[in-house]
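Peer 1: Residue-level listing of the chains:
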Amino acid sequence: MNEFVERRVKLRFSEPRRSYDVVIVGGGGHGLATAYYLATRHGITNVAVLERGYIGAGNSGRNTTVIRANYGVPATVRFYQHSLELYQRLEAETDRSIMHQEKGLLWLAHTEMGLRAERARARINTACGSETLFVEPDEIKRICPQLDLAGAGRYPILGASYHPHGATARHDRVVWAYAEGAMDRGVDVVQRLAVNGIRTAGDRVVGVATDQGPIEAPVVLSAVGGHVTSLCSTAGVRLPIRTHPLQAFVTNHYQGTFEAIVASTELLFYASQTARGEMLIGAEIDRQPSYSYRSSFDFLASCSGRALALLPFMANLRILRQWTGVCDMSPDYTPVMGETGVEGLLVTTGWGTWGFKAIPAGGEAMAELIATGQTPAMIAPFSIDRFASDRTLADRGSSGTH
Amino acid sequence: MLRLVCPHCGERSVVEFRYGEIPTVPEEMTDPAARDLDRAFMRTNTEGVVTERWFHEAGCRRWMTVRRDSRTDHVLETVSRSSGRPSDRPA
Chain A
0 MNEFVERRVK
10 LRFSEPRRSY
20 DVVIVGGGGH
30 GLATAYYLAT
40 RHGITNVAVL
50 ERGYIGAGNS
60 GRNTTVIRAN
70 YGVPATVRFY
80 QHSLELYQRL
90 EAETDRSIMH
100 QEKGLLWLAH
110 TEMGLRAERA
120 RARINTACGS
130 ETLFVEPDEI
140 KRICPQLDLA
150 GAGRYPILGA
160 SYHPHGATAR
170 HDRVVWAYAE
180 GAMDRGVDVV
190 QRLAVNGIRT
200 AGDRVVGVAT
210 DQGPIEAPVV
220 LSAVGGHVTS
230 LCSTAGVRLP
240 IRTHPLQAFV
250 TNHYQGTFEA
260 IVASTELLFY
270 ASQTARGEML
280 IGAEIDRQPS
290 YSYRSSFDFL
300 ASCSGRALAL
310 LPFMANLRIL
320 RQWTGVCDMS
330 PDYTPVMGET
340 GVEGLLVTTG
350 WGTWGFKAIP
360 AGGEAMAELI
370 ATGQTPAMIA
380 PFSIDRFASD
390 RTLADRGSSG
400 TH
Chain B
0 MLRLVCPHCG
10 ERSVVEFRYG
20 EIPTVPEEMT
30 DPAARDLDRA
40 FMRTNTEGVV
50 TERWFHEAGC
60 RRWMTVRRDS
70 RTDHVLETVS
80 RSSGRPSDRP
90 A
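Same order as they appear, the protein sequences are chains A and B.
Take the first sequence: its letters are residues 0 to 401, numbered as in numbering that gives the first Met the number 0.
Take the second sequence: its letters are residues 0 to 90, numbered as in numbering that gives the first Met the number 0.
So that you can see chain A by itself, here it is in the shape it has in the complex:
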């Protein structure tokens, strides 16, 4: 199948009914994947996905599309590795092109400290079933010839961890594949319907309040990005989430081939080439919590300066566009998934800067939780209880950008 010329996506949106078995708030990747797996794996189709804008309008359409599993603690490595494998099979499973491309991901070290971090990453990944190797500078140059190993004299590349199955996919295609798959099986996906609150009776959820009146459901999943704290507060649920903007940009078309994904924790940026040939650069979150989607020139100046230290060929490129998403950051850089203490109200949040790569595994796990009432072992460590029970998962592997 030619990935650019294939059959048209057929999206049939619905008008909301007054009640469902399950209401999912948020029509991004996580919400739609949950609906898809509820329908395909568990036969549950009396489900509505309610989206305030259009599907994929939030962070699903604003992320930098990296799929990787080279995280820093066993629970997250296993989870993201499972997600990476589901992505590898997603085109076959859904019979839709998501433009999945394995590229390999280099995570560069510029200091002794950085080398230790990348060696540790390779070891812990290998131990948990995700392929990551430590590579020396000559091998780095072979994988990515555009890199300046001297790092402009200031950030020498001393080594890297290499994650060969690191990949990218087209984010809209992922959203559409899950949406279409869910719709085909009877799930209602409603666009332009804002959910203003969670409705509860005693200690349990009874539905949601929307612009078009209440919708009843015994199970409500918040798969919201950005506004999850406000939404859950309407049910009295406090979350360990702070929302920060993250900016990214693309350049005009680079005529060469840039095969790998390159990341540097110390320089706080990462780069890959899109299917259109643009160089895509992302960075760390802005320091202040904010819901503002404004982009800035200061960011472009500082981030492109850092990128040029390692990739001098980009000096000849021009910036084509920039944009901003908002990231729900948890204190330990690990998602928050599962029950909330209000019966029937579930959350999948804390997706910070790593939500896209987790869409398949996150959706599959939340669907299993909804269908069986049992928290799958894979996401049990991500429960909100971990903060009270002192089992937080401080993950150095995710704290570096994407």
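Incorrect hints may have been included.
A few chain B positions that, by computed beta-carbon distances, are all more than 10 Å from chain A [what the hints assert, rightly or not]: (1) Cys8; (2) Gly9; (3) Ala57.
One-sided and incomplete, this derived list gives chain B residues near chain A with beta-carbon spacing under 10 Å [unchecked claim]: (4) Ser12; (5) Val14; (6) Met28; (7) Ala32; (8) Ala33; (9) Ala39; (10) Thr43; (11) Glu46.
Bear in mind the hints are in silico, worked out from the structure with no lab data behind them.
We put the beta carbon where it would ideally sit given N, CA and C, even for glycine.
Once you have looked at the hints, place chain B on chain A.
Peer 2: Relative to the frame of chain A, chain B by itself:
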């Protein structure tokens, strides 16, 4: 990009400052252990006007208190922590 007006140094880019959160625990929460947990990990994450501190790390190295709208990053008020001096203009 957010620009802050330091009461001592004038208008500067946000990159010169360090952010300081003022944790807020709901008043109706009375159990001391629950309050400790909330203060350590939970966030009000307000969509609207927030009061926060900023430290002018690359300037006068003094703290200021800022009221900012988190939906737009518009700054409403900036006051020095040490002298109580307001900025000439909010931002």
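Peer 1: Next item in the hint list is alanine 32 of chain B. Is there a CB on chain A closer than 10 Å to its CB?
Peer 2: holds (9 Å)
Peer 1: Evaluate the condition: distance from the CB of glycine 9 of chain B to the nearest CB of chain A exceeds 10 Å.
Peer 2: holds (17 Å)
Peer 1: Should the hint that valine 14 of chain B touches chain A count as held when the rule is a Cβ pair under 10 Å?
Peer 2: Check passed: Cβ of valine 14 of chain B comes within 6 Å of chain A, closer than 10 Å.
Peer 1: Interface hint check: methionine 28 of chain B, Cβ to nearest Cβ on chain A, cutoff 10 Å. Holds or violated?
Peer 2: The hint holds - methionine 28 of chain B has a Cβ within 10 Å of chain A, the shortest such distance being about 9 Å.
Peer 1: Holds or violated: the hint that alanine 39 of chain B contacts chain A, with Cβ atoms closer than 10 Å.
Peer 2: holds (7 Å)
Peer 1: Was the hint right that glutamate 46 of chain B lines chain A, CB cutoff 10 Å?
Peer 2: holds (5 Å)
Peer 1: Holds or violated: the hint that threonine 43 of chain B contacts chain A, with Cβ atoms closer than 10 Å.
Peer 2: holds (7 Å)
Peer 1: Would the non-interface assignment of cysteine 8 of chain B survive a Cβ cutoff of 10 Å against chain A?
Peer 2: At about 17 Å from chain A, cysteine 8 of chain B clears the 10 Å cut-off, so the statement holds.
Peer 1: Would you check whether the claim that alanine 57 of chain B is not at the interface survives, using Cβ distances to chain A and the 10 Å cut-off?
Peer 2: holds (13 Å)
Peer 1: Would the hint on alanine 33 of chain B stand, with a C-beta cut-off of 10 Å toward chain A?
Peer 2: Nearest chain A Cβ about 9 Å off; hint holds.
Peer 1: Under 10 Å is the threshold here; is the Cβ of serine 12 of chain B close enough to any Cβ of chain A for the hint to stand?
Peer 2: holds (5 Å)
Every hint, counting from the list given before, is met by this structure.
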